[in-house]
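There are 2 protein chains.
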Amino acid sequence: MLVDGLFGGTITASKLLKHGDFGIGTAEGLNGELIILDGVAYQALADGTVKVLKGDEMLPFANVNVSNFEGRVVLPGLKMDDVDATLAKELSYQNTFVAIKISGTFKAVQTRVVKEQQRPYPTLSETASKQQVFDAKNIKGTVVGYYTPALFQGAGVGGMHLHFIDAQHQFGGHLLDFESDKVKLSWQLLDGLDLNLPIQDSEFIKHKPSDMGIIRQSISESE
Amino acid sequence: MLVDGLFGGTITASKLLKHGDFGIGTAEGLNGELIILDGVAYQALADGTVKVLKGDEMLPFANVNVSNFEGRVVLPGLKMDDVDATLAKELSYQNTFVAIKISGTFKAVQTRVVKEQQRPYPTLSETASKQQVFDAKNIKGTVVGYYTPALFQGAGVGGMHLHFIDAQHQFGGHLLDFESDKVKLSWQLLDGLDLNLPIQDSEFIKHKPSDMGIIRQSISESE
Numbered sequence: 000m001l002v003d004g005l006f007g008g009t010i011t012a013s014k015l016l017k018h019g020d021f022g023i024g025t026a027e028g029l030n031g032e033l034i035i036l037d038g039v040a041y042q043a044l045a046d047g048t049v050k051v052l053k054g055d056e057m058l059p060f061a062n063v064n065v066s067n068f069e070g071r072v073v074l075p076g077l078k079m080d081d082v083d084a085t086l087a088k089e090l091s092y093q094n095t096f097v098a099i100k101i102s103g104t105f106k107a108v109q110t111r112v113v114k115e116q117q118r119p120y121p122t123l124s125e126t127a128s129k130q131q132v133f134d135a136k137n138i139k140g141t142v143v144g145y146y147t148p149a150l151f152q153g154a155g156v157g158g159m160h161l162h163f164i165d166a167q168h169q170f171g172g173h174l175l176d177f178e179s180d181k182v183k184l185s186w187q188l189l190d191g192l193d194l195n196l197p198i199q200d201s202e203f204i205k206h207k208p209s210d211m212g213i214i215r216q217s218i219s220e221s222e
Numbered sequence: 000m001l002v003d004g005l006f007g008g009t010i011t012a013s014k015l016l017k018h019g020d021f022g023i024g025t026a027e028g029l030n031g032e033l034i035i036l037d038g039v040a041y042q043a044l045a046d047g048t049v050k051v052l053k054g055d056e057m058l059p060f061a062n063v064n065v066s067n068f069e070g071r072v073v074l075p076g077l078k079m080d081d082v083d084a085t086l087a088k089e090l091s092y093q094n095t096f097v098a099i100k101i102s103g104t105f106k107a108v109q110t111r112v113v114k115e116q117q118r119p120y121p122t123l124s125e126t127a128s129k130q131q132v133f134d135a136k137n138i139k140g141t142v143v144g145y146y147t148p149a150l151f152q153g154a155g156v157g158g159m160h161l162h163f164i165d166a167q168h169q170f171g172g173h174l175l176d177f178e179s180d181k182v183k184l185s186w187q188l189l190d191g192l193d194l195n196l197p198i199q200d201s202e203f204i205k206h207k208p209s210d211m212g213i214i215r216q217s218i219s220e221s222e
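One line per chain: the protein sequences are B and S, in this order. Using numbering that gives the first Met the number 0, the first residue of the first sequence is number 0, and each one after it goes up by one. Using numbering that gives the first Met the number 0, the first residue of the second sequence is number 0, and each one after it goes up by one.
Hints should not be assumed to be uniformly reliable.
No copy is singled out in the list; a pair is fine if it fits within one copy or between any two copies.
Said to hold, decoys possible - Below, in silico cross-link-like pairs of lysine-lysine (DSBU-like), each with a Cα-Cα straight-line distance of 30 Å or less:
| # | residue 1 | residue 2 |
| --- | --- | --- |
| 1 | LYS100 | LYS14 |
| 2 | LYS106 | LYS136 |
| 3 | LYS207 | LYS183 |
| 4 | LYS205 | LYS100 |
| 5 | LYS207 | LYS129 |
| 6 | LYS114 | LYS136 |
| 7 | LYS129 | LYS205 |
| 8 | LYS205 | LYS78 |
| 9 | LYS106 | LYS17 |
| 10 | LYS205 | LYS88 |
| 11 | LYS207 | LYS88 |
| 12 | LYS78 | LYS207 |
| 13 | LYS100 | LYS207 |
| 14 | LYS183 | LYS205 |
Hints are computed from structural coordinates only; laboratory data are not their basis.
All chains should be built: construct the whole structure from the sequences, respecting the hints.
Next comes the structure, spelled out in structure tokens:
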């Protein structure tokens with residue numbers, strides 16, 4: 000429902016972290032990009048700073064899992080567009096969810112960070128002009144994200160959905176592009192999805208969704 | 000993946016029943032329509048008979064929940080096409096999953112039952128000509144099924160997906176149409192979906208899905 004502008008938070012960060020120590024998301028009002036790594040939730044903000052969430056912040060959307068990476072490969076260089084094909088050499092995964100972690104040194108990283116919106120909220124695509132884009136070069140850090148099968152787009156973002164946080168926890172966001180130096184690509188095949196919907200939230204449960212075709216198209220375009 | 004013809008079973012009936020006492024599904028090879036009611040799994044077969052599953056049967060797809068119906072309304076008459084609108088008078092539900100039970104006497108019920116397929120399996124739409132259609136009049140029984148938001152079509156069948164079993168457990172199937180006498184409509188709003196994918200099954204994990212647009216269209220047509 001983020002696509003339709005339902006940016007109100009429906010779960011606290013501390014409650015979310017009970018379900019996993021690794022993940023991605025956003026905060027109330029579409030306030031930045033979340034990166035959850037080693038049990039800490041970092042919030043990359045549109046002003047270029049990164050905060051650690053205290054726990055009482057409300058979140059409208061997030062994906063988390065309990066990390067238990069089962070496979071890894073060290074690569075001399077990796078481009079964002081090649082993550083799919085690189086992973087496919089290692090395992091069959093396209094019909095399920097996969098947690099993906101890439102850590103090491105990056106030659107170039109480009110992120111975008113969504114900007115906090117005020118009520119009445121616009122739609123997700125209307126916020127695109129407010130997004131900030133950031134570039135970094137020769138930076139150590141970690142890519143945190145998920146692969147979601149196209150069939151389950153809507154429950155998550157179909158395909159690869161990757162965020163980034165640097166080793167100093169001072170630079171991060173939703174990944175638009177990267178090119179790495181030597182990195183370690185780790186993966187964890189997940190056997191499903193435990194989808195939790197905020198049915199007690201009247202805005203959520205009473206919302207009349209926009210046409211699904213439009214929603215799916217908007218999600219693809221925003222990627 | 001049923002749409003693409005992956006009819007091989009991936010979970011036993013007894014294991015499925017640990018996750019719920021109410022639900023619907025099908026069996027290995029697309030062998031009939033399952034109705035799970037009061038913890039018993041009934042299998043309506045294409046020859047018009049109904050069996051009780053023993054527990055060791057393998058199932059390729061099912062939806063179950065632990066029943067705890069929170070609301071009910073007694074109606075003098077209900078048509079299948081009116082279930083959506085009738086429920087909407089009672090609660091807001093369109094953005095989440097709902098378990099639906101309708102019990103009482105039915106003036107007319109029309110079901111279809113899919114027929115067991117042999118390997119190599121055809122696609123779901125290719126099996127349509129093999130389906131059997133059954134009609135019953137003035138029959139006591141129960142409608143068992145779910146509402147799935149269109150956004151989650153793929154994880155389940157979008158919209159209403161209803162099966163039927165008569166009170167004698169001798170007539171059942173996937174509902175094509177019904178018109179009731181006096182019935183009780185019960186509902187249970189579910190706060191999400193615990194999706195379990197058979198990632199250990201090599202047929203599942205290695206399958207290259209057909210185009211999503213085609214899949215979604217096929218599902219809609221088969222309804």
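Numbers of unmet hints, in rising order: 9
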